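Modelling step: build the complete structure from the supplied sequences, incorporating the hints.
Numbering (the working numbering), first residue to last: 159 to 645.
Everything labelled a hint here was simulated from the structure, so no lab data went into it. Only true hints are included.
Taking lysine-lysine pairs in the DSS-like style, the calculated list, with each CA pair at most 30 angstroms apart, reads: (1) Lys492 <-> Lys593; (2) Lys363 <-> Lys297; (3) Lys532 <-> Lys449; (4) Lys612 <-> Lys587; (5) Lys506 <-> Lys492; (6) Lys587 <-> Lys624; (7) Lys302 <-> Lys347; (8) Lys257 <-> Lys432; (9) Lys628 <-> Lys612; (10) Lys304 <-> Lys344; (11) Lys257 <-> Lys492; (12) Lys432 <-> Lys452; (13) Lys593 <-> Lys624; (14) Lys428 <-> Lys257; (15) Lys492 <-> Lys612; (16) Lys492 <-> Lys534; (17) Lys628 <-> Lys593; (18) Lys628 <-> Lys492; (19) Lys257 <-> Lys534; (20) Lys593 <-> Lys506; (21) Lys363 <-> Lys449; (22) Lys347 <-> Lys304; (23) Lys593 <-> Lys612; (24) Lys624 <-> Lys612; (25) Lys344 <-> Lys506; (26) Lys506 <-> Lys432; (27) Lys363 <-> Lys452; (28) Lys534 <-> Lys432; (29) Lys297 <-> Lys347; (30) Lys532 <-> Lys432; (31) Lys506 <-> Lys347; (32) Lys363 <-> Lys302; (33) Lys363 <-> Lys344; (34) Lys295 <-> Lys347; (35) Lys624 <-> Lys492.
Just so you know, these numbers come straight off a predicted model, no measurement behind them.
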Amino acid sequence: MFSRCLLRGRRAVVPFSARFSQPAVSPMCQQFRCFSVEHESKKQTKPKGPATEKNDDGNGSIVKKRRDDPSADLPISFADISRAHVAIRDGIVRTQCEKSFFLSELVGANIYLKPEFRQFTGSFKERGARNAILQLKRKAGGDKIKGVIAASAGNHALALAYHGQSLNVPVTVVMPTVAPLSKVDKCRKFGARIIIEGAHIGESKTYAESVVQNEGLTYINGYDDPEICAGAGTIGIEMVDDVPDVDAVVVPVGGAGLIAGISCAVKTLKPECKVIGVEPEYAASYTAAIKAGKPVPAQVTPTLADGLAVPVVGAHAFEVAKHYVDECVLTNEKQISLAVLRLIENEKMVVEGGGAAGLAALLPGGALDRADLKGKNIIVPLCGGNIDTTVLGRVIDRGLSADNRLCNFYVTVSDRPGGIANFTALLSKEGASIKDIYHERAWLHTHVDQVQVKCVVELQGTEHGKRVKKALLDAGYPVAWNIDVCS
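As structure tokens, this is what we get:
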């Protein structure tokens, strides 16, 4: 009786580790855990027959497949992923696949979002970072690890620094001179040793490799280390667990570590599910690798999806991804900015450009806006939310422009008193809100009593823009629009 009263009268104290505890074990989770245990036990005894069998993949190459685990002969196996899922679950956030009713209606399919930006450091990279450090500690046994090192200017650096501090492993991060100061400061707060070296990430990596030789540290590649890929693959297990009838997963692609892990897990648990990659057209390194049959350097130019701007995909990651991924499509800057805007306005989610790339391809006009995906159950991982505030403002403006809600145009008006007033009054009457207005008097080839005005106006969309343009033309104003929709 006393214990019952005590329980009713006081709130139970939840230990810190329990904050990351998982929901009750589902049948799907139980299935992959049993698989992992069975696989590990089989590795302890030598099989009596041949361990592998050959299988033609349809492209003229012979791929070895293990009878009990098709991924066993690849750099990352499903057993590695399932082991990682159990190992890291007390230290990461178990994000849930959430159905978006607005996006489902917009896309014409059942869209489920997996908000990986809700990890403590703001990206899915925590899964791989924690798994890589844990496996290093496991292999070291009771020996102390000298430390780990990585070259990164973003999410991998944050994840490694945070989990290195959590697991008492020294972390060194080499960052280029262009790295955002906010991320440099955060890494320092997590106790990492920061070395600023190199004009870009390639030079930083070269320097990091020299530190490895001099100090005996372990280098952890942010997208090609097998344990990093296995950690990322735990997302795939949770996807199938949350949405058992999933038809397709659409994954952003940079160095290919994320899609390698997810595709291995999803195809093992649900072979009929499509795995589709999406990469920015300004950094199409995976597409280049597919065409060449191996990782090759691709031309990379600045993109809103800076987290995906990797010139060469990882060799290990590509070996796995090409085995499982069904296709990879491209998305452009306009679609990415619009996807970021849609998530902010309708889902109240702030996601970086790379994290929104998967959704960008699904939106109307995107590469995946097609009949075979209509009405299907589609999961999109939102893999990161670390976007600078100043950049976010510019991305929102680009999104509004892509949505034809922010337009600019040039118009010539009378420079006599009341000329601009009459012009702005007409815009007000048509419901266009002036955001910026600029006057040009000197560099004109028209009458001296005229002035050219550049206007940036907020509109309600495409049809509204057409009405505003028609009203200006009907009033005798020569208008030059800088967007196609109102032409």
